[in-house]
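Trainee: From first to last, the protein sequence lines stand for chains A and B.
Letter by letter, the first sequence follows residues 1 to 217 in my numbering.
Letter by letter, the second sequence follows residues 218 to 484 in my numbering.
Simulated from the structure, these hints should not be mistaken for lab results.
Fair warning: there could be bad hints in the mix.
To be verified - Capping the alpha-carbon separation at 25 Å, the derived lysine to aspartate or glutamate pairs in DMTMM-like fashion look like this:
1) A:Lys140 to B:Asp270
2) B:Lys347 to B:Asp443
3) B:Lys347 to A:Asp5
4) B:Lys379 to B:Glu352
5) A:Lys70 to B:Asp363
6) A:Lys70 to B:Asp443
7) A:Lys140 to B:Glu274
8) A:Lys114 to B:Asp363
9) A:Lys70 to B:Glu352
Stated by the list, open to error - Simulated restraints on C-beta separations:
10) B:Ala473 to A:Leu111: 36 to 46 Å
11) A:Tyr102 to B:Lys457: 41 to 51 Å
12) B:Trp455 to A:Phe150: 29 to 39 Å
13) B:Trp261 to A:Trp79: 20 to 30 Å
14) B:Trp455 to A:Leu177: 24 to 34 Å
15) B:Glu352 to A:Asn51: 25 to 35 Å
16) B:Ile479 to A:Ser159: 35 to 45 Å
17) B:Trp261 to A:Arg17: 38 to 48 Å
None of the values given here were measured: they were computed from a predicted structure.
Backbone N, C-alpha and C define an ideal beta-carbon position, used for all residues, glycine too.
If you want the building blocks of each chain, they are given just below.
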Amino acid sequence: MSTMDSISRFVRTRITRIVIVITLLSAVAGYFFSSPEINNLNAELNLWNMNIITFTLFIGLITIYFSYSKSVSQRSTNWPFRLYALVLIIVWIVMGLYSGLYSDMYQTAFLSTKITLHIAILGQLIFFYLSAMYRTFRVKTLRTGILVIFALAMVVLNSPITLSNWSAADQISYWLLNNPGMGGARAVVLASGVGGVVLALRILMGLEKGALRATGG
Amino acid sequence: MILQIPLIEQITPRAGQMFNLAMLILSGVLVYLSYYLAKQGRTWTIRPMEALDAIQEGIGRAAEMGRPVLMFPGIGNLQNVQTIAGLTMLGEIVERGARVNVPVNTIPSATEIVTASEAIVRDAYNRAGKPELYEIGKYVKWFGTDQFVYAVGGAGHILVEKPAMIVFLGYFLADVLVTGEAGSRVGALQIGGTADQSALSLMAMCCDYIVMGEEIYAVTAAITEDKYQIATIASQDWFKSLLIVFLVAGVILTAAGLKSLINFMWW
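Bound-form chain A, shown alone (with noise of 0.2 Å):
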């Protein structure tokens, strides 16, 4: 291995590391502490991290950039699709550089465009939701057949008509995820934070061989 080739494994394993524990140090003594100093370490710190984010995001934007010009140039699958991306990526830029964000010209191209895309798919959502319940009702299991009368008695307790004919219909249905439903959905937020922790620390002691295995050389 090169002296180059060392160095820069040093630098995109080592460094990236103590970058890691001094900015976790410094978020986690800001959250249980109160310090003008800490709290001032804090605020720079987070400034450099709008900057690395900012960064990084224009690095993914020309890391697409050069994988798209690369698909047009050879006529791959679905190049004119790509071409069309590049060329809009390039015209928002270019009308956000030169209107302003907030400016009426990039609201309005915004908002008739992507927006309202989004609130039709958002409708279409229905659909998906009929086709997966299908299958998914289709009982085959007792466990599907418990999720399935759960189901059904939510629908049934949260419909105009049994609301309006039985008083204790809305009881029953809050009783059910205010309880039963509600036990679960702790169960799973506090697992996962436990969980999250651990990543993390598997992060910080060097074990976790994924993400930062980019880094690893």
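Dock chain B against chain A, hints included.
Mentor: Chain B in isolation, oriented as in the chain A frame:
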């Protein structure tokens, strides 16, 4: 601007946070203890996880069918711990796929995940001893950062490529229903995992196997077959046992009218 680390002159603990700090330190101690025991030769076995076996089976199925595998790391960015778990899984699946010549495509959402995914895929091909098969843009597809642009792009990709297996692991919301349903239409084996509760129920409707909550962190450690990573899962279980003790004690003491444990937790 050079970062100046100041001398700390005054520091006061935040009210009600000291119990949380103690628990954080304890979790760190338990993780280190499990790591130390693993270094001393102690090994742990993980209960069979259906999803983990299904991933191995799915790669074999893809090889037999001559179809690709698709992996979704979700709509989170690099600051989301679920995304980190998804990227860990991506590296492992790509490497296993590369060994048997199964292409594994991935569709990230955030632009920084595109860059990270390219690096992870390239690294996985190197580890599999087939660096010549890696090509920028060949395996990492990007349709947009918006939740539903991501979903519709992913669904379109599924309908065209017809993957044999689709793995969802990371942070998802209602978008998973669109891609999951498209996956069901093409008959893909689907494995979903997230810690987000709203997406979990949608995954349960679309996927053949689901990985719930903290299992996503356990499954990503287990798939690596690294004894130190697996050891940390043991510490996760020790900590959960402690939480159960706190929960039971809290219920009993509160029912008895004693607030000592609750007051201690607000220390």
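Trainee: Decide, hint by hint, whether the structure agrees.
Mentor: Here's how the hints hold up against the structure:
Only pairs whose Cα atoms come within 25 Å are accepted, and Lys140 (chain A) paired with Asp270 (chain B) is accepted, the gap being roughly 22 Å. Restraint check for Lys347 (chain B) and Asp443 (chain B): satisfied, since their Cα atoms lie roughly 22 Å apart, inside the 25 Å limit. This hinted pair checks out: Lys347 (chain B) and Asp5 (chain A) have alpha carbons roughly 21 Å apart, not beyond 25 Å. Of the pairs offered as hints, the one joining Lys379 (chain B) and Glu352 (chain B) holds, with about 21 Å between alpha carbons and a cut-off of 25 Å not exceeded.
For the given pair, Lys70 (chain A) sits about 24 Å from Asp363 (chain B) by alpha-carbon distance, which is consistent with the 25 Å threshold. Restraint check: the Cα-Cα separation between Lys70 (chain A) and Asp443 (chain B) comes to about 37 Å, which exceeds 25 Å; the hinted pair is violated. For the suggested pair Lys140 (chain A) and Glu274 (chain B), the alpha carbons sit about 23 Å apart, so the restraint of at most 25 Å is met. Proximity of Lys114 (chain A) to Asp363 (chain B) is assessed by CA-CA distance (about 9 Å); at most 25 Å being required, the pair is judged to hold.
Among the hinted pairs, Lys70 (chain A) with Glu352 (chain B) is consistent with the structure: their alpha-carbon atoms are about 10 Å apart, no more than 25 Å. A hinted range of 36 to 46 Å is violated for the C-beta pair Ala473 (chain B) and Leu111 (chain A), which are about 58 Å apart. The given range of 41 to 51 Å is respected by Tyr102 (chain A) and Lys457 (chain B), whose C-beta atoms sit roughly 48 Å from each other. Between Trp455 (chain B) and Phe150 (chain A) the C-beta distance comes to about 33 Å, which sits within the given range of 29 to 39 Å.
Distance hint check: the CB atoms of Trp261 (chain B) and Trp79 (chain A) are about 50 Å apart, inconsistent with the given range 20 to 30 Å. At about 32 Å, the beta-carbon gap between Trp455 (chain B) and Leu177 (chain A) stays in the expected band of 24 to 34 Å. Take Glu352 (chain B) and Asn51 (chain A): their Cβ atoms lie about 31 Å apart, and the range 25 to 35 Å holds. For the pair Ile479 (chain B) and Ser159 (chain A), the beta carbons lie near 39 Å from each other, so the given range of 35 to 45 Å is met.
In this structure the hint that Trp261 (chain B) and Arg17 (chain A) lie 38 to 48 Å apart at CB is violated, the actual value being about 25 Å.
Figure legend: structure checked against the earlier numbered hints; hints not met, in rising order: 6, 10, 13 and 17.
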